[in-house]
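Novice: So the chains spell out like this:
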Amino acid sequence: MAEMSLIDYTKFRLKPNGEVREIFKGVNRIHILSCGKCYQKFEEENEEEYTQLLKILGKEYKKIAGYTKIDFLCNNFLSKKKILSSDLSNCDSVGVISCGLGVQFVAKLLERKPVYTLADSVPQSGNSTSEVGYHGISLEKEKCAGCNQCYLNLTGGICPITDCPKSLSNGPCGGAKNGKCEVNPELDCAWVKIYERFKKQGKKLTLESVQIRDYSKPSLELKSDLSLQNQTLRGEGFYGGLYPLEKKEETKDKKIENFPEPKTAVIFLSQHTGERAKPLVKSGDKVKVGQKIGEADGFISSPIHSSISGKVISIETRVHPVSGRKDLAIVIENDGENKFDPSIQPYNDFENLSKEDLLKIIREKGIVGLGGAMFPTHVKLSPPKRIDTLIVNGCECEPYLNSDNRMMIEYPKEIFVGIRIVQKILGVKEVLVGVEDNKPEAIKSLSNFLDKSSLVEIVSLKTKYPQGAEKTLIKRILGREVPERGLPLDVGVVVLNAGTIFAIYQAVVKGVPLLQRVITVSGENLTRSGNYWIKIGTPFKDIIECCLNKGGGERFLEEYELKMGGPMMGISQESLDSSVIKGTTGLIILRKSLVKVSEERDCIKCGRCVEVCPVQLYPLYYGFYGKKGDLEKAISYNVESCIECGCCESICSSKISLLSFIKKEKEYACSSNKA
Amino acid sequence: MLAVQIKPEEEILPKISGKKLFIFVCLGCQEVYFPREDVERFINNLREEIVGKALLDYLCNREFVGEYVKGYSKQIERANVILVFSCGVGVQVVSSLLEDRVVYTGCDTLYLNGFQGLTSQEFNCNQCGECYLNYTGGICPITNCPKSLLDGACGGAKNGKCEVDPEADCAWILIYKKLEKIGKLDILKKILSPRDHSKIITESLSREEIER
Amino acid sequence: MNFSEKLKSGKFLITSEVGPPKGINIDKSLDEAELLKEKVDGFNVTDLQSSVMRLGSLAVCHLLAKRGLEPIFQIICRDRNRLALQSDLLSAYVLGIRNVLILTGDHPVLGDHPEAKPVFDLDSVSLLKVTSGLIEGKDMKGNDLDGKPDFCLGAVVNPGADPLEPQLVKMEKKIEVGARFFQTQAVYDLKKFEEFMKKAEQFGVPILGGIVILKSSGMARYMNEKVAGVSVPEKYIKMMAEAKKGERAKVGIQIGAELIRDMKDLCQGVHIMPLGWERYVPELLKASGLD
Ligand code: SF4
Ligand code: SF4
Ligand code: SF4
Ligand code: SF4
Ligand code: SF4
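Residue numbers (the working numbering), protein chains in the order written: chain A, 1 to 675; chain B, 1 to 212; chain C, 1 to 291.
Just so you know, these hints were derived from the structure itself, not from any lab. These figures come from a predicted structure and were not determined experimentally. Don't take each hint at face value.
In silico lysine to any residue, SDA-like type, Cα no more than 25 Å apart, as pairs [what the hints assert, rightly or not]:
hint, chain 1, residue 1, chain 2, residue 2
1, A, Lys-199, B, Pro-14
2, A, Lys-664, A, Glu-43
3, A, Lys-141, B, Leu-174
4, A, Lys-80, B, Glu-77
5, A, Lys-203, B, Pro-166
6, C, Lys-138, A, Gln-211
7, C, Lys-138, C, Lys-198
8, C, Lys-11, C, Ser-231
9, C, Lys-198, A, Lys-462
10, B, Lys-7, A, Gln-201
11, A, Lys-200, C, Pro-163
12, A, Lys-655, B, Glu-67
13, A, Lys-592, B, Pro-166
14, A, Lys-113, B, Val-51
15, A, Lys-592, B, Glu-122
16, A, Lys-180, C, Lys-11
17, B, Lys-19, A, Lys-180
18, A, Lys-80, A, Trp-533
19, A, Lys-655, B, Glu-122
20, B, Lys-147, A, Leu-222
21, A, Lys-199, C, Pro-274
22, A, Lys-80, B, Glu-37
23, A, Lys-462, B, Arg-36
24, A, Lys-25, B, Gly-71
25, A, Lys-180, C, Ser-231
26, A, Lys-360, A, Val-417
27, A, Lys-193, C, Lys-11
28, A, Lys-200, B, Glu-77
29, A, Lys-223, B, Gly-71
A short list of chain A residues far from chain B (calculated; beta carbon distances all over 10 Å) [as the list claims (entries may be wrong)]:
hint, residue
30, Arg-112
31, Glu-142
32, Arg-197
33, Asn-438
34, Leu-557
35, Leu-594
Virtual Cβ for every residue (Gly too), placed ideally from N, Cα, C.
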């Protein structure tokens with residue numbers, strides 16, 4: 001790694017001792033809130049300022065009635081919860097150790113209590129004409145004062161506003177000695193630097209025209225507009241989340257087509273949350289389309305069916321696309337006869353089936369959540385609590401993917417029938433179909449079939465990732481907060497993916513088990529991107545062969561990144577022998593970037609991960625303690641609540657592979673829970 | 001946080017006309033602040049030859065840019081001008097890494113309230129180095145009053161609104177009300193001005209660098 | 001002939017400096033200046049030099065003008081924003097001031113009120129441009145003035161700066177926006193000064209070389225170490241070091257005179273900065289043959 005230095009941009013320091021003592025003279029019982037600091041290398045969790053405060057106070061420390069450390073105190077949303085839940089009843093005032101932002105926020109929040117600041121902000125700009133300086137989302141020495149009339153093009157890329165204490169924009173003042181600034185000899189003269197930079201470029205310093213800075217820039221209006229826009233976007237619907245590039249144009253208008261049947265299908269026995277199914281066939285057996293070849297093992301499990309007709313050639317381990325580990329699969333050779341299993345019979349009188357019968361069909365036909373999580377649907381539909389609302393999830397907030405979108409466009413009628421079936425099972429009247437507003441066609445197509453008398457409502461949602469996650473969707477549509485470690489049913493809601501609803505329709509009305517699903521194949525340089533009905537068990541190699549001109553040759557995985565699912569939550573594939581499972585929403589094929597930056601770097605406490613985590617976690621700790629190997633500590637920050645949406649990792653300014661730490665920690669938490 | 005705006009065409013086009021360009025686009029602050037579409041449009045409308053383009057986030061991180069500079073060295077070699085779309089920090093980092101190359105920015109940068117915190121918000125802090133909040137009921141007189149008055153209102157407020165920006169509340173009226181609410185009006189007697197402006201210079205220079 | 005006309009005449013010019021006191025007792029300074037009335041072509045009045053609070057330049061210039069001396073009003077950008085700067089220039093004109101020397105100014109942290117807020121709304125180049133505008137009858141925003149002032153505008157340059165190039169670029173810029181003469185930082189190293197003059201000649205604007213009388217070898221060393229663009233040659237330091245206490249002024253004057261004599265052929269005049277030694281200026285002029 002290149003020799004680098006991280007500048008400590010901590011924004012506050014304790015006030016001078018005398019001033020601190022003076023403040024304490026005026027209080028009797030004070031609660032101390034201390035910010036965990038930002039923009040410094042995360043080296044250890046320390047409470048340096050607080051310790052120092054105690055030292056300064058001597059005996060007076062007894063006046064401290066309580067102490068709370070809060071990370072990123074200026075994160076109004078999270079900090080508010082924390083402050084209001086700490087016990088402030090026995091104090092007459094609150095002392096804050098943070099920069100001015102934290103203090104002002106607390107003072108406003110606790111309007112009726114005197115709030116004291118025990119710290120002073122540390123100036124960042126180093127320059128008197130611009131009090132405020134910004135260091136980017138990094139800890140480099142370059143700064144910008146946001147003058148809104150960038151001079152860098154005239155100065156060889158060196159900022160005269162922040163680097164020159166007089167902010168001279170027309171050349172040096174002439175006071176530099178040995179290249180050092182006259183105001184502070186520790187600084188290099190900005191204009192000598194500029195001169196030298198030009199020399200290196202083989203150019204001469206020329207002052208093109210007389211620069212006169214416009215202090216009325218930027219206008220107050222522009223600033224408040226942008227600021228407001230930013231705040232609304234951030235808070236849109238639910239806390240956290242991101243606005244990744246959507247990249248849906250490529251396949252959004254492509255009709256769903258049938259993908260050629262695989263010559264050999266590799267059907268995993270684990271295609272659902274819970275226990276792996278038990279094989280019902282053995283090598284050499286003949287199987288038909290829709291024949292059950294794996295039996296559910298317990299309540300939280302699901303049966304597996306053959307998607308083609310042919311001969312079982314082996315039951316062996318293959319690389320599973322989710323775990324990346326070898327897992328049991330039934331390998332079937334296609335005989336091309338496409339013979340259907342006799343069990344596939346339409347239920348003509350499905351309207352008259354009982355709730356129990358319906359649930360049995362759904363279970364027998366191997367229906368699981370098709371949004372990616374693959375939770376057995378019959379379990380979800382047998383909630384131990386009363387449910388008042390069904391939410392149909394048509395968000396598909398992952399970039400690139402259009403499978404649900406196309407389903408909603410092409411099969412609206414079927415989806416409504418599916419909804420009716422689920423309504424019956426759950427006994428709910430109210431149904432909300434949440435669709436992101438980047439899918440106007442789907443909204444239109446569904447609306448055409450909307451039965452006015454039913455209580456089904458289509459809700460168009462402003463696009464934001466991960467809106468499609470159950471908890472965020474519930475918050476967004478109903479305003480209900482699913483409790484930490486809780487489930488949707490705790491707030492009376494069941495959420496089902498639009499594709500799953502279609503699968504329910506297929507199972508109940510047509511009697512067809514889950515044999516195929518719609519998958520978006522998209523990415524870069526594809527000759528045949530699109531939305532396809534693809535048989536479960538179709539090897540990835542077949543798909544790449546068909547959709548990428550030059551096919552999946554030897555070096556495919558060196559040149560391309562293959563992700564099952566979308567780019568955010570999708571899982572990178574290491575082997576082309578893996579195959580389509582029930583949870584395969586898409587296959588994304590992207591050229592590997594020319595540049596690979598390493599993913600292990602120090603956290604700089606920029607707070608971005610905290611700001612985007614929809615579950616309101618503090619993901620920086622997962623990386624920090626994960627790297628240290630202190631998994632217990634990571635668990636204490638509630639890692640089990642993480643929904644693995646990937647927001648934190650995707651925004652991390654230090655490109656720390658937070659998700660891989662999180663997965664390790666969750667696994668550890670899981671195993672220690674069991675033990 | 002910063003917000004980035006694209007520079008007026010008449011300012012940037014003459015600088016790059018007829019040149020071979022290598023373009024860096026930062027996506028780091030894309031979340032809300034970066035005019036991604038404007039930049040795309042601008043680039044697509046360019047008539048100049050573009051020998052290469054790198055999109056990355058956190059252009060302000062020297063290490064990342066360093067990797068890109070290596071990865072794209074051939075294209076960069078062929079360019080006469082490196083054009084950068086990012087905030088001022090990103091541009092400076094690129095130009096410090098490509099010292100002997102002509103690096104231009106296509107953007108102007110401004111900051112939003114509370115930008116030195118973690119997100120744009122209603123509070124702002126000018127990092128004056130001597131926090132006055134203890135005397136003002138936690139309402140910042142430096143940033144909320146356009147004149148940064150320290151010893152009370154100027155007298156220009158009308159119906160509680162600031163004379164400079166009638167959209168804004170007069171900071172000193174807010175302060176008064178707040179102090180009244182917490183029963184601390186006597187604090188107002190304290191004379192707070194003048195400010196020590198030398199702190200901006202002296203304190204911001206005393207930062208230590210931590211070796212990575 | 002007033003200063004502006006003399007500039008045009010090509011005569012070798014001599015300017016000196018009046019440093020306003022910290023306080024209001026100004027008579028001594030004025031009297032000292034008056035002694036030089038016939039010998040000197042203009043008096044710079046410094047504007048809160050070195051960021052030390054003092055009596056203002058504008059008032060002192062006015063008093064000099066009243067006594068029939070030719071003041072050169074120094075105005076800096078540290079303490080006034082563009083409104084005040086323009087206004088003070090108009091004031092200067094109605095108070096009888098015709099020459100203005102425009103500088104950026106030192107930073108307040110270097111002076112006796114380090115807590116002060118520096119302004120630097122404009123800098124020397126932009127203020128020169130603005131002043132030229134006033135002379136044309138327009139304020140900075142293009143509004144018409146009711147009556148135009150007329151000034152002879154000057155600026156400064158540091159011939160010993162390293163690197164020199166940026167200084168030259170800026171000098172050219174200053175000329176472009178209205179500077180009609182330059183005064184320089186103190187010169188001791190004639191070779192360097194000659195090189196500078198060779199490069200600056202092309203601009204065709206009169207340059208007055210700066211002269212500071214050495215007071216001691218300590219002062220010389222201090223300047224070498226701290227002051228931008230100043231390098232006192234070892235031989236002068238030695239002369240000062242060897243001088244007896246009572247003789248130092250004499251030696252300093254001797255050195256100054258030598259420099260002035262040599263400069264006569266190099267530049268268009270000298271600018272003497274007595275820094276409290278106003279009383280020795282007549283002697284210096286005499287010794288250098290300029291009397
Ligand atoms: S370079 Fe600027 S725009 Fe890019 S990530 Fe850094 S701070 Fe944001
Ligand atoms: S010149 Fe550019 S880098 Fe410097 S403060 Fe202005 S916008 Fe920022
Ligand atoms: S992956 Fe987990 S920790 Fe990270 S943002 Fe998503 S829910 Fe939060
Ligand atoms: S986004 Fe990355 S660098 Fe920033 S606080 Fe989170 S873990 Fe640390
Ligand atoms: S900006 Fe926020 S996180 Fe950083 S010191 Fe201030 S209050 Fe704390």
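Novice: Within 25 Å, alpha carbon to alpha carbon, are A/Lys-193 and C/Lys-11?
Specialist: Not satisfied, since the Cα-Cα distance of roughly 39 Å exceeds 25 Å.
Novice: A/Asn-438 clear of chain B by more than 10 Å, beta carbon to beta carbon?
Specialist: The claim stands: A/Asn-438 keeps its Cβ more than 10 Å from every Cβ of chain B (closest is about 15 Å).
Novice: CA of A/Lys-200 to CA of C/Pro-163, is that 25 Å or under?
Specialist: Between A/Lys-200 and C/Pro-163 the Cα gap is close to 14 Å, so the pair holds against 25 Å.
Novice: Is the straight-line distance between the alpha-carbon of B/Lys-7 and that of A/Gln-201 25 Å or less?
Specialist: With Cα atoms ~23 Å apart, B/Lys-7 and A/Gln-201 stay inside 25 Å; holds.
Novice: Quick one, are A/Lys-25 and B/Gly-71 close enough, alpha carbons at most 25 Å?
Specialist: violated, 61 Å
Novice: So if I understand the rule, the pair passes when the alpha-carbon distance is 25 Å or less; does A/Lys-462 with B/Arg-36 pass?
Specialist: With a Cα-Cα distance of about 19 Å, the restraint between A/Lys-462 and B/Arg-36 holds, given a limit of 25 Å.
Novice: Compare the distance between the alpha carbons of A/Lys-80 and B/Glu-77 with 25 Å, and conclude whether the hinted pair is satisfied.
Specialist: Violated - the C-alpha atoms of B/Glu-77 and A/Lys-80 are around 52 Å apart, more than 25 Å.
Novice: For A/Arg-112, is the shortest CB-to-CB distance to chain B above 10 Å, so the non-interface label stands?
Specialist: Check fails; 6 Å does not lie beyond 10 Å.
Novice: Next pair to validate is A/Lys-592 with B/Pro-166; report whether the Cα-Cα distance is within 25 Å.
Specialist: violated, 53 Å
Novice: Report holds if the minimum CB distance from A/Leu-594 to chain B is greater than 10 Å, and violated otherwise.
Specialist: Non-interface label fails for A/Leu-594: nearest chain B Cβ at 4 Å, not farther than 10 Å.
Novice: Given the proposed pairing of A/Lys-203 with B/Pro-166, does the C-alpha separation stay at or below 25 Å?
Specialist: Roughly 48 Å separates the two Cα atoms, so the pair is violated.
Novice: Taken at face value, is the distance from the CA of C/Lys-198 to the CA of C/Lys-138 at most 25 Å?
Specialist: Not OK: C/Lys-138 and C/Lys-198 at ~36 Å, beyond 25 Å, violated.
In summary, the structure is inconsistent with hints 3, 4, 5, 7, 8, 9, 13, 14, 15, 16, 17, 18, 19, 21, 22, 24, 27, 29, 30, 31, 32 and 35 from the numbered list given earlier, while agreeing with the others.
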